[in-house]
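Novice: Fit chain to chain and form the complex, with the hints in mind.
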Amino acid sequence: MQITLNNICKSFAGKVVLANVCFDEAFSSLAIVGPSGAGKSTLLRIIGGLLTPTAGELYIDAAKVIYEEKQLLSYRRTIGFVFQSKGLFEHLTALENVTLPLIHSFDMTTDKAIETAAQLFTRFGLEEEGHKYPSQLSGGQQQRIQIARAVAVKPKLLLLDEPTSALDPELTAEVLDMLGELQSDGLNTIIVTHEMGFAKKACEKIMFIADNTIVESGPSAQIFSNPQSQPLQSFLNKVLEWHV
Amino acid sequence: MIPMVTTTSTPSKRTKIMSALIVALIIVSFLWLSMFLIGYKLDFATLLPFKQRLWQGFSATLIISVMSLLISLFIGAMTAIGQKSKVLVISYLAQAYVQIIRGTPLLVQIYFFFYIVGTAWGITNRNVAGALILSIFEGAYISEIIRGGLESIDRQQYEIAKAIGLSPAKTSRLVTFPILMSRILPALSGQFASIIKDSSLLSVIAVNELTQNTQEISSQNFRMFENYFFLGLLYFAMSFTVSMITRWLERVYKHADNT
Chain E
1 MQITLNNICK SFAGKVVLAN VCFDEAFSSL AIVGPSGAGK STLLRIIGGL
51 LTPTAGELYI DAAKVIYEEK QLLSYRRTIG FVFQSKGLFE HLTALENVTL
101 PLIHSFDMTT DKAIETAAQL FTRFGLEEEG HKYPSQLSGG QQQRIQIARA
151 VAVKPKLLLL DEPTSALDPE LTAEVLDMLG ELQSDGLNTI IVTHEMGFAK
201 KACEKIMFIA DNTIVESGPS AQIFSNPQSQ PLQSFLNKVL EWHV
Chain X
1 MIPMVTTTST PSKRTKIMSA LIVALIIVSF LWLSMFLIGY KLDFATLLPF
51 KQRLWQGFSA TLIISVMSLL ISLFIGAMTA IGQKSKVLVI SYLAQAYVQI
101 IRGTPLLVQI YFFFYIVGTA WGITNRNVAG ALILSIFEGA YISEIIRGGL
151 ESIDRQQYEI AKAIGLSPAK TSRLVTFPIL MSRILPALSG QFASIIKDSS
201 LLSVIAVNEL TQNTQEISSQ NFRMFENYFF LGLLYFAMSF TVSMITRWLE
251 RVYKHADNT
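As you go down the protein sequences, you meet chains E and X in turn.
For the first sequence, the positions run 1 to 244 when the working numbering is used.
For the second sequence, the positions run 1 to 259 when the working numbering is used.
Just so you know, the hints here were simulated from the structure itself, not pulled from any lab data.
The structure displayed is predicted, hence computed values, not measured ones.
Possibly wrong hints are sitting among the right ones.
[Claimed, not checked] If we take Cβ atoms under 8 Å as the criterion, some of the chain X residues that face chain E in the derived model are:
no.	residue
1	I160
2	I164
3	L166
4	A169
5	K170
6	S172
7	P178
8	V252
9	H255
Every residue gets a Cβ at the ideal spot worked out from N, C-alpha and C, and that includes glycine.
One chain only, chain X, in its complex shape (with noise of 0.2 Å):
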């Protein structure tokens, strides 16, 4: 038997490997490479004495970002339907909250929602107030994702759906939901990875994430560039976990039509 032969539709495992070894040492020299051109040898032992904070501040952006992720997908969900809403105050509401947030930078709005909004009506826990900001600010984008997905599903599926005699419940669950998902995963990705690095933002109302954190860290022991490549690291590691769940979800709502 020839190997090649076997070999020659889709890489073998072994090929598999070797090119991702490949592209690990690239990146590694690269950076290796750029450290040495400007002479300075990192030295990530002085993390050590800090790994408490480190591992708090980690703990703190995890459960940031997962509340955010949770929240704004519920308001993206709720907002996408409400701007296609027949009554016109829901619809006009649900477009002016996606256009104002997405026409402002979450800077602006975090500085807004904590000092002045959270002041007023009293939320004052700083990381209740971050995870809520934050789920605004990406709730909006998530909305046009959503609503943009509804609208690229054919209308003669609903028809299909009614002429088979499906209830309108049956039909969001085993009609719209699955062709929504398989559309906007890839996109719901981006948006999810996005929440995790934006609450580094969280930082500037003094919340205790871990860009917060890192910060602080800075101040006492003064290696920049230790910390933030860790800060870096750490927050791939979270977002590629991320990638790779939704990875998996595609695969689950994929069907031959988006192939």
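Isolated chain E (complex conformation) (with noise of 0.2 Å):
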């Protein structure tokens, strides 16, 4: 999938986060990581048609993505979206919030979205949790099942916003592992994420993200082994300086 950001600006109340953001690379699992409030959050929600960059550009294989309410709908459902916590439907069982959007983003009908959801929740062993609500839910299972509800309307993009940094390192463990799943599958992935372990193994390709804006990307095992830029330099020795 070849991923195309065009100066891409934005700012909040006159307070840049990201600042003209350019990128144009193929890959099928990139990574995201930098610094906390670098606009890594940001730039993934831009992408996800979440929110309207202030300038710039975003082409998905070479069509350009139409920050306009009604083309972003239809483009929102090519896209799934991880979030970083309670990202679940708190009114809705764990079964419901799978078949929700397949009901009604996709008009499936509620036998085929219900086996689909069930499909799924086997594959993940999550059988036991369909019935339940998310408050009923661990961390990692809540994850689990937000990765299945993104999954079953089968996006050609999964986008990620640190899923497991609210994690305990068993659970992370879960979530990554059904990640892995995935993306050996051909699942086309981006993730925002601190888990340098899982970027360099897992990824493909490393975006670097600091003070606004991309300051190095690359082939991962390149920018873990040979880091070009001196804040790429002091991040990863930072990160990885308790890494066993």
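Specialist: Here is the structure:
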């Protein structure tokens, strides 16, 4: 999948969050890394059509994304989005959370939607959780159900916004395992993450964002073994300091 | 099998009935004792000759309350949305409505709306005017209940709806409405009961509702205690029914999050 960012800028009430972001690469899995507050989540939301950039253009496989409500509605249906936490509808059970987009955004019949959801639940070992409400599920289960909901609609691209940052290491592994499996099935993903191990091993390319723009990007092996820029070098030194 | 084991978690039907009977007994004995102490003997047979008028008053109160419930819900919903409007004139208008109505007594509003506004705009039917005045009054409180409910919904719920490609209309129907209902139904239930009770104040503009009719009956039979005791009972029957219906609705909209 080819993603082209052309001078993307975003500011909130005069505060610049992204400045002249340019990127043009083909990949099947991309990890966005960088210090907190650098604009990673904002960029992911712009790619997902949840935020409109102040300026600039986004192309997915050379097709321009039109930031107008009507076009965005159908664009968002082609993208899966996983939130950092609390990403499920609180008033619906796990199963209903997965079937709702199938029924109401994709006009699938209820029976077919339940069948599709049940298959995913079985595949990812969530059969027991189908009838539970989000408040009755562990953080890891919530994240896996979010991913199940996102992939149930067969998106061309799955976006994940720090999907494990609210989880303890054991649950993190559970979520990353599921993600790794989906990536090896050929699902295109962009993940904002602080899990350097996952970024290095499971992601084809890395984008490093600092101070509101892309400082460096490239194949993950190269980024980790041979960082070019000073900000990336010091970032990696910091985050890998206590790495075993 | 030891029955005690099965009754430890949730009380059995028998325990429930027994407990309810004991509570009923306590209330009835308290009332009876109070009556006994002041040496008054209640005789409800004195109400019998007036059953036609009582029934007429009861149905008038019922109709006015149901009408007001529907209209005030509509006014409340509109002004709750209006308060959040980006058009400042609409927002200020809705806020002014809520503040003025909630800040003045119903009695003042009844006189003002009936004798000044009603006369000026030709609304002379007392029942219609009564129902409208009550709706305007209760609408302000319902508006605040709905506004509070809307503001309590986590913004991210809307972002999820957006992300899965749900249209704005479907978001309102499938996300906002059910979450809102589960949050505001208890408060709404109390407000609905208030509508029924507040309708008694409409007697000051001689709407032939239950309280007005009871006052008239009292001036004929002079049995104040029986009349007002029975009046209270009828109001309770109505508000208790409303309370039961909203409890049922609460169960419909209940999800694990608010248990």
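Novice: Each hint: holds or not?
Specialist: Each hint, compared with the structure:
{"no.": "1", "hint": "I160", "verdict": "holds, 6 Å"}
{"no.": "2", "hint": "I164", "verdict": "holds, 4 Å"}
{"no.": "3", "hint": "L166", "verdict": "holds, 6 Å"}
{"no.": "4", "hint": "A169", "verdict": "violated, 10 Å"}
{"no.": "5", "hint": "K170", "verdict": "holds, 5 Å"}
{"no.": "6", "hint": "S172", "verdict": "violated, 12 Å"}
{"no.": "7", "hint": "P178", "verdict": "holds, 5 Å"}
{"no.": "8", "hint": "V252", "verdict": "violated, 12 Å"}
{"no.": "9", "hint": "H255", "verdict": "holds, 5 Å"}
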